[in-house]
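Position one of the sequence shown corresponds to residue 52 (our numbering), numbered consecutively onward.
Hint data in this document are derived by calculation from the structure and do not stem from the laboratory. All C-beta atoms, glycine included, are put in the ideal place defined by N, C-alpha and C. Don't take every hint at face value.
Derived CB-CB ranges, DEER-like [unchecked claim]:
id, residue 1, residue 2, range
1, N157, R84, 20 to 28 Å
2, G149, D75, 40 to 48 Å
3, L58, D146, 33 to 41 Å
4, T103, D75, 37 to 45 Å
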Amino acid sequence: MTQRPPLPPFDESSARAKIQAAEDAWNSRDPERVSLAYTEDCVWRNRHEFITGRDEIRAFLRRKWEKELDYRLRKELWSWSGNRISVCFRYEWHDAGGQWWRSYGNEQWEFAPDGLMRRREASINDVPITADQREFAAEA
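Please model the entire structure based on the sequences and the hints provided.
Right, here's the structure in full:
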């Protein structure tokens, strides 16, 4: 069995480490890398989509990053308990027409004993912004 530390149960330090690892992976915009953090049968709710398993996760992420160009993400700890972590996040991206967006959301994560995420619930809102309103412009 492959383990993905830190493992549950989480304390504040391990929850923060798990969140930083997720942020780093998502900012790579590499669907294969990101998908390895999830169990083979992981269940997601992402906005209005329901996704099950790594293959669907990879397909979703490919579609996402084809649309959400120059994506940059920040995640923050909201709470943790046992094998669960809640985060709030924001990310910026632009569409093919050049319109910039900031997306805000909350996620609830549930982990298997091996440290892989087995459930992800995400609620996300998108706000149009101008290029000069970008918070992550220097990082792009």
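Okay, N157 versus R84 on CB: inside 20 to 28 Å?
holds (23 Å)
Does the hinted range 37 to 45 Å hold for T103 and D75 at CB?
violated (25 Å)
Please test the hint of 40 to 48 Å on the beta carbon pair from G149 and D75.
violated (27 Å)
State, for the Cβ atoms of L58 and D146, whether the hinted interval 33 to 41 Å holds or is violated.
This hint holds: roughly 38 Å between Cβ atoms.
Of the numbered hints stated above, those contradicted by the structure are hints 2 and 4, listed in ascending order.
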